[in-house]
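Undergrad: Sequence order for the protein chains is A and B. Note that the numbering used here gives residue 358 to position 358 of the first sequence, counting from 1, and the numbers run on in steps of one. Note that the numbering used here gives residue 145 to position 145 of the second sequence, counting from 1, and the numbers run on in steps of one.
Hints are not guaranteed to be accurate.
As the list claims (entries may be wrong) - Pairwise CB distance ranges, derived in the manner of DEER restraints: (1) Glu14(B) with Asn406(A): 50 to 56 Å; (2) Ile338(A) with Glu56(B): 33 to 39 Å; (3) Thr402(A) with Asn249(B): 55 to 61 Å.
What the hints assert, rightly or not - Okay, derived cross-link-like pairs now, DMTMM-like style, lysine to aspartate or glutamate, Cα gap no bigger than 25 Å in a straight line: (4) Lys142(A) with Glu106(A); (5) Lys59(B) with Asp6(B); (6) Lys229(A) with Glu389(A); (7) Lys369(A) with Glu91(B); (8) Lys141(B) with Glu387(A); (9) Lys214(B) with Glu152(B); (10) Lys369(A) with Glu73(B); (11) Lys382(A) with Glu91(B); (12) Lys113(A) with Glu278(A); (13) Lys141(B) with Asp357(A); (14) Lys141(B) with Glu106(A); (15) Lys225(B) with Glu239(B).
To be verified - Some chain A residues close to chain B (C-beta under 8 Å, calculated; not the full set): (16) Asp129; (17) Met375; (18) Gly379; (19) Glu387.
None of these hints come from the bench; they were simulated from the model. Glycine included, each C-beta is placed from N, C-alpha and C at the ideal position.
Each chain, written out:
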Amino acid sequence: MTDVVEHNYKFPNRGDEYWRFTKPDQFIEITARSTQNKLPGLIKSVAIKAQKPTPARTGFLNDVSNIGILFQPDEIIYCNNGKKVGKTLEIGHLNKADGGASWATEITGVISKKMQKPIPRPFAKYCVDNSQNGFCIWAKEKNSEPVFLTYGDGFAENDFLLHNVIKVSSGASLTLVEIGNPWTGVNQVNEVHIEPKGEFNHIRLAYENPEAKSIVHQYAKVDESASLKSFSLYGNTPMARNEHIIELLEDNASAYVSGIFVGNGQVSQDDTVFIHHEGLNGTSRQVFRKVLNGGATGVFQGKIHVNPGAQKTDGYQKSQALLLDEKSQFLVKPELEIYADDVSCSHGSTCGSIDTDALYYLRSRGICKQEATSMLSLGFLKEVLEEIENKAIAEGLEEVLTELVNDGI
Amino acid sequence: MLNIEDLHAHLEEEKKPILKGVNLKVHPGEVHAIMGPNGSGKSTLSYIISGRDGYEVSKGSIVYNDEDILDLEPEERATKGIFLAFQYPVEIPGVGNMTFLRTAYNSLQKARNEEEISASDFLKLVRQKASELNIGPDLLKRPVNYGFSGGEKKRNEILQMAVLEPSLCVLDETDSGLDIDAMKQVSKGVNALRSPNRAIVVITHYQRLLNHIKPDIVHVMVDGKIVQSGGANLALDIENNGYANILNNLNN
Numbered sequence: 001m002t003d004v005v006e007h008n009y010k011f012p013n014r015g016d017e018y019w020r021f022t023k024p025d026q027f028i029e030i031t032a033r034s035t036q037n038k039l040p041g042l043i044k045s046v047a048i049k050a051q052k053p054t055p056a057r058t059g060f061l062n063d064v065s066n067i068g069i070l071f072q073p074d075e076i077i078y079c080n081n082g083k084k085v086g087k088t089l090e091i092g093h094l095n096k097a098d099g100g101a102s103w104a105t106e107i108t109g110v111i112s113k114k115m116q117k118p119i120p121r122p123f124a125k126y127c128v129d130n131s132q133n134g135f136c137i138w139a140k141e142k143n144s145e146p147v148f149l150t151y152g153d154g155f156a157e158n159d160f161l162l163h164n165v166i167k168v169s170s171g172a173s174l175t176l177v178e179i180g181n182p183w184t185g186v187n188q189v190n191e192v193h194i195e196p197k198g199e200f201n202h203i204r205l206a207y208e209n210p211e212a213k214s215i216v217h218q219y220a221k222v223d224e225s226a227s228l229k230s231f232s233l234y235g236n237t238p239m240a241r242n243e244h245i246i247e248l249l250e251d252n253a254s255a256y257v258s259g260i261f262v263g264n265g266q267v268s269q270d271d272t273v274f275i276h277h278e279g280l281n282g283t284s285r286q287v288f289r290k291v292l293n294g295g296a297t298g299v300f301q302g303k304i305h306v307n308p309g310a311q312k313t314d315g316y317q318k319s320q321a322l323l324l325d326e327k328s329q330f331l332v333k334p335e336l337e338i339y340a341d342d343v344s345c346s347h348g349s350t351c352g353s354i355d356t357d358a359l360y361y362l363r364s365r366g367i368c369k370q371e372a373t374s375m376l377s378l379g380f381l382k383e384v385l386e387e388i389e390n391k392a393i394a395e396g397l398e399e400v401l402t403e404l405v406n407d408g409i
Numbered sequence: 001m002l003n004i005e006d007l008h009a010h011l012e013e014e015k016k017p018i019l020k021g022v023n024l025k026v027h028p029g030e031v032h033a034i035m036g037p038n039g040s041g042k043s044t045l046s047y048i049i050s051g052r053d054g055y056e057v058s059k060g061s062i063v064y065n066d067e068d069i070l071d072l073e074p075e076e077r078a079t080k081g082i083f084l085a086f087q088y089p090v091e092i093p094g095v096g097n098m099t100f101l102r103t104a105y106n107s108l109q110k111a112r113n114e115e116e117i118s119a120s121d122f123l124k125l126v127r128q129k130a131s132e133l134n135i136g137p138d139l140l141k142r143p144v145n146y147g148f149s150g151g152e153k154k155r156n157e158i159l160q161m162a163v164l165e166p167s168l169c170v171l172d173e174t175d176s177g178l179d180i181d182a183m184k185q186v187s188k189g190v191n192a193l194r195s196p197n198r199a200i201v202v203i204t205h206y207q208r209l210l211n212h213i214k215p216d217i218v219h220v221m222v223d224g225k226i227v228q229s230g231g232a233n234l235a236l237d238i239e240n241n242g243y244a245n246i247l248n249n250l251n252n
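Let the sequences and hints guide you as you build the complete structure.
TA: As structure tokens, this is what we get:
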């Protein structure tokens, strides 16, 4: 990246407040490489295919929904068993060269720009300014069937800037599952607007490619009585940062964010979450658990910020890690910043090794140490799956998680 | 079946001896009771038989079916048929009781080069054993011992024993924390497992459990040693007179 660009965007260094635990250098490299990787802004084709894409370990999703979308760098392929996406949903390419979908303009670049204060996020800004790629989804009404969006092979072995826009109209609902991490690296921004009484359930599955590095920002504006639930599953990613910046500006809004990381070896995963409460009766919940082995690093930085007017806020934050060896580490920065006097906020963070009594108990019944460790790790992690709204997906993910834990630990 | 000779042991972190020369011989088909005052080393003996980390054996041996087992891991001892019913069964949130039981069962099958059992066959097996112990299906669905009452935990131990069918069962204060009905139920479960091929060692403070599980031989353990052995009457004697007589005899 040229010095000029670096100068303009002021990319962070290790001394910056929220970059002490994760080195920003590799994200600067991804961002630089992805810039040379501009793709044509036009959609080549939109096809209807009979079969949905099913990357490894996502086959269970076939039983959950019929709406699958394969997203390639320059095209979007609907794979909904012959049915077009209904009138409740509009999906397209965020084609900036073409002006993009007109409904998306009120969100694109707007939500993230506002949330660049008080803490600037240069990677996100760079992505929004320069990305030629992304999808946009508009849930116009209630969508009972989840939408599975798979990043296709076209993204493989390269670095990308990816900018997605999601809108959930008043009273509408959407469950979106983002699947796969085929790239070498990605700098991604999701801008999300959930209008009053809207519901957005979001799941990110990033465990397929053990080479992928990623920095992902999800900016969400949650309106009155609207709700956001976002869950992520990361497995053995060499370097991943998952940022949530959420604003509950109006009354009775809620945001639940949760995540699991299974890491073994020289890998690192960072969840950085900022939730701003401005409306009355807001609810927020942050639940993250990580199992770390072989020198893996887990990071959690979470903030609940409550403005003076945000009375009756209920904020909860919990981050926990299980360290399976002495080289692994869990670095945390839980923060509460509260300016209202009638709120209930709590935060807790724990970090420990495996319970030796439990391990002995299982072994005394004939279960070998390795398997007993996996069972206890899985038991620790899978409680987070309860945060997922769609129970069929949560159930399927329990099997995926079992495999990840058995393979990865 | 089990031959313990001159066993001396202490905690790895402290050099203070706990077991100071335990001798014990158990044959198939026998039921032994080990009684003794608090701190005499009864539980430590059970831990060392099952292979718990944190203890160091400084002298002596434990031979089980002609094999010295002191160097074996706990899971290896389990696959050879040794089972310890815990005094304080461990709560394991997040691990389902049924999953745990089946994993344990299949681990033993695998170690013995036998076929693993299917989920449906196992369900039938467990349901039958559970109903004999008055364990409802909800207890099988919940995480291992998590939120169980004292009685439920102990019954769950006996259920594991009934399912895994070990050849040597060591019961560490299985009666503690049980009301009289629960004790009867647990005893019934244990008695159902009495067989000519299986030995049972019951560790207890009180004679009352031995009214329900009739021992062939009663041992008294004091200060890390078995100081007296006898028939079932020895337990009655202790119930009536406490350990004072035995301790006095020792001091003299």
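Undergrad: Confirm or reject each hint.
TA: Comparing the hints with the structure gives:
no., hint, result
1, Glu14(B) with Asn406(A): 50 to 56 Å, "violated, 38 Å"
2, Ile338(A) with Glu56(B): 33 to 39 Å, "violated, 52 Å"
3, Thr402(A) with Asn249(B): 55 to 61 Å, "holds, 58 Å"
4, Lys142(A) with Glu106(A), "holds, 21 Å"
5, Lys59(B) with Asp6(B), "holds, 7 Å"
6, Lys229(A) with Glu389(A), "holds, 8 Å"
7, Lys369(A) with Glu91(B), "holds, 18 Å"
8, Lys141(B) with Glu387(A), "holds, 20 Å"
9, Lys214(B) with Glu152(B), "holds, 23 Å"
10, Lys369(A) with Glu73(B), "holds, 9 Å"
11, Lys382(A) with Glu91(B), "holds, 16 Å"
12, Lys113(A) with Glu278(A), "holds, 18 Å"
13, Lys141(B) with Asp357(A), "holds, 22 Å"
14, Lys141(B) with Glu106(A), "violated, 50 Å"
15, Lys225(B) with Glu239(B), "holds, 20 Å"
16, Asp129, "violated, 44 Å"
17, Met375, "holds, 5 Å"
18, Gly379, "holds, 2 Å"
19, Glu387, "violated, 14 Å"
Of the numbered hints given earlier, the model fails hints 1, 2, 14, 16, 19; all others are met.
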